[in-house]
Structures are given as structure tokens and as C-alpha cells.
Amino acid sequence: MGEVIVVTSGKGGVGKTTTTANLGTGLAQLGNKVALVDADIGLRNLDVVLGLENRIVYDITDVTGGHCRLRQALIKDKRYEGLFLLPAAQTKDKTSVNPGQMKELCEDLRQEFDYVIIDCPAGIEQGFKNAIAGADRAVVVTTPEVSAVRDADRIVGLLEAAELREPKLIVNRVRYKMVKAGDMMSIEDIIDILAIDLLGVVPEDEMVVITTNRGEAVICNDHSRSGQAYRNIVRRITGEQVPLLSLEEGGLMNRIRRMIGFK
Amino acid sequence: MLDFITRIFGRDSGASKNVAKERLRLVLVHDRSSVSPQILQDLKADLIKVISNYMEIDQDALEVNFENSENQVALIANIPIKNVKRPANVV
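As given, the protein sequences belong to chains A and B, one line each in that order. Read left to right, the first sequence gives residues 0 to 262 (numbering that gives the first Met the number 0). Read left to right, the second sequence gives residues 0 to 90 (numbering that gives the first Met the number 0).
What the hints contain is simulated information worked out from the structure, not anything from laboratory work. As the structure is a prediction and not an experimental result, all values here were calculated from the model. It cannot be assumed that every hint is accurate.
[Stated by the list, open to error] Here are some, though not all, of the chain B residues that point toward chain A, as calculated from beta-carbon distances under 10 Å: (1) Ser-15; (2) Asn-17; (3) Arg-22; (4) Leu-23; (5) Val-26; (6) Leu-27; (7) Arg-31; (8) Asp-45; (9) Ala-73; (10) Lys-81; (11) Arg-85.
[Stated by the list, open to error] Dumping the calculated PhoX-like pairs for lysine-lysine here, alpha-carbon to alpha-carbon at most 20 Å: (12) B/Lys-16 - A/Lys-179; (13) A/Lys-167 - A/Lys-128; (14) A/Lys-167 - A/Lys-10; (15) B/Lys-81 - B/Lys-48; (16) B/Lys-81 - A/Lys-176; (17) A/Lys-176 - B/Lys-16; (18) A/Lys-102 - A/Lys-77; (19) B/Lys-43 - B/Lys-81; (20) B/Lys-43 - A/Lys-10; (21) A/Lys-179 - B/Lys-43; (22) A/Lys-91 - A/Lys-128.
Yeah, the Cβ is synthetic: ideal placement off N, Cα and C, and Gly gets one too.
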């Protein structure tokens with residue numbers, strides 16, 4: 000029986016979809032059978048991030064509405080055997096699915112997959128309630144900004160109210176130089192304020208833009224720092240103890256060390 | 000020019016993250032106290048009702064707010080009194 004994980008944030012644009020795509024790809028790389036569910040109905044995006052936009056026939060509302068079988072709507076990834084996407088509907092709105100249907104869908108998916116990862120829409124309304132309905136645990140994505148952390152705090156409260164205890168935090172788009180200069184909140188600052196467990200830290204990385212342009216997940220890129228960060232997060236999700244990426248990772252000495260294979 | 004110099008010597012840096020953290024802390028204290036503006040309004044109205052039994056207050060200048068000191072939230076009410084009623088008038 001698989002596990003259902005919802006990726007949420009409250010605020011838009013902090014990297015939920017990118018995170019979902021990378022966690023799913025990473026878990027599939029390790030040989031797991033993974034289903035990614037785009038719960039952002041009306042603003043479908045996970046398909047383009049994964050480069051699967053041309054293969055969509057049915058979507059999530061076709062499944063919940065009984066117009067097709069679950070298996071027909073699942074799109075197989077280009078690279079990884081075990082990775083599948085259940086796309087969101089683009090021409091409907093969030094009310095076309097209800098929490099009961101989502102719960103049922105998650106139950107069906109967990110019969111077949113090791114991990115079911117749900118990409119939650121921004122906001123705290125119906126779309127959010129749908130996305131968390133069938134989840135066992137939650138990952139909250141934030142960036143080191145006042146607005147994003149505030150929204151994350153609200154989401155943590157709502158998750159706990161919905162009995163999704165102990166959500167884990169991913170701090171995305173961290174710029175270490177700015178943190179070092181005291182111009183960006185550090186991981187410690189954010190953890191101190193939100194008081195939840197840290198799952199991982201992803202540095203700001205141009206490679207995310209470049210790989211996303213191509214419809215690939217940055218976790219497939221062996222040399223990117225964000226890819227390494229996602230690989231570590233994936234291993235933590237599977238229960239492994241992995242130390243955090245060092246703050247100095249981007250420094251010159253480390254780059255040299257990495258170049259000569261001394262890490 | 001001064002701006003430029005302070006930027007070079009980085010005297011400004013170190014400040015902005017602390018500002019962010021402090022603002023965030025304050026806003027979260029308020030958020031977490033989970034008191035909606037509606038509740039605050041109702042509370043105000045009730046306060047006016049009760050206090051008016053004893054004294055005449057300046058309703059327009061009445062202020063009710065949450066304030067946080069250290070790690071606690073306090074309800075601070077500033078209620079200007081116009082006139083105290085005579086004991087005989089107390090209902």
C-alpha cells in the first residue's frame with residue numbers, strides 16, 4: 000500500500016509544481032512506482048513541467064466523473080518506467096471535484112503505486128481542501144520571504160486542523176550569498192518562526208529554469224546544486240537520514256573540491 | 000553618494016533580514032491569535048455597551064487592538080472618557 004503526500008504552500012509561485020515534479024522523478028529514479036496528481040484544476044501546469052503536455056487525453060475530472068477508467072487517464076513518463084501523471088482539467092474549475100472523490104481517488108491510486116504525490120493549488124479554498132483530502136502526510140514549500148512564510152504558517156495551521164499532523168518544510172530558492180550578507184532570512188530563522196521539521200533546502204538555481212524550459216526535472220541533472228538538494232530530499236522521504244547541504248556548497252573551494260572529485 | 004558608500008561598506012546589510020524576521024513575527028502573532036476584524040468589531044460594540052452604563056465615553060476615539068510584547072499577545076483598549084456618571088445614574 001502506497002503513501003499519499005500532498006505538496007502545498009498557500010502562496011503561489013514558490014515552487015510547488017517544480018517540487019512535485021522533482022520529488023516524483025527522484026522517487027521513480029530509485030525504482031518506486033509513483034503517481035503524480037495535478038490537483039490545480041483550471042490552471043494545469045504539472046504536465047508542461049514534466050514535458051507531457053502533448054499526451055493528455057483524459058484528466059482528473061474524467062476519472063472522478065466516471066467518464067474513463069483511472070488507468071486510461073494516467074500518462075506514462077517519457078523516461079522513467081514507474082512514473083505516471085494524472086493531469087488536472089484545464090477547462091473546468093475547482094468545484095468540479097469534491098474532497099470525497101479525491102479521497103476515493105487516492106485510495107485507488109495507493110493500491111497500485113508506492114508513492115502518490117499531489118500538487119496542491121495555491122490558496123486555501125476548495126482546491127486546497129480537495130488536494131489534502133486523501134493525503135497521509137504533507138510537505139509545505141516556502142521561500143525566504145515574509146509573504147511566503149506567513150502563508151506557510153497559515154497552511155500549517157489548516158493542515159493540523161485537518162488532522163494532517165507534522166507537516167514537513169522545504170525552503171526553496173535560497174540565495175546563500177544574501178543569507179550570508181544578512182539580507183535574506185536563514186533556514187534557522189524560518190524554522191524558528193514556523194516551528195516545524197525541515198525536510199530540505201533547495202538553493203536558487205538557474206538550472207531549474209533551463210531544465211523546466213525543456214520539460215525536464217532538474218533532479219535528472221547530476222551537476223546542479225538544486226538537483227542534489229532534491230535528491231537528498233527524496234532520500235529523506237524514503238526514510239534515510241541525509242545531512243543538509245552545506246551552506247558553503249557554492250563556495251569556490253567546494254567547487255574546486257568537486258572538480259577534483261574530492262567531496 | 001552616502002547611499003553608495005554605505006552600500007560599498009555593507010553597513011546596510013544585516014539589517015534587512017532582521018527587519019523581515021521581526022515583521023514576520025509580529026504579523027504571525029496577529030494571524031495566530033485568530034481574531035477576525037469582525038470579532039474585534041463585535042468586541043468593541045460590547046465594550047461600549049457595558050462601559051456606557053457607568054460613564055460617557057468617546058466612541059469614535061475608542062481603540063481596541065492586539066499588541067504583542069515579548070512572547071505574549073495582549074488586548075489593549077484605549078477608551079477616552081468624556082464624563083463619569085453620578086452614582087445615582089448608574090443603572
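- request: Quick one: which hint numbers does this structure break? Sort them smallest to largest.
  value: Numbers 8, 9, 10, 11, 16, 18, 20, 21, in rising order.
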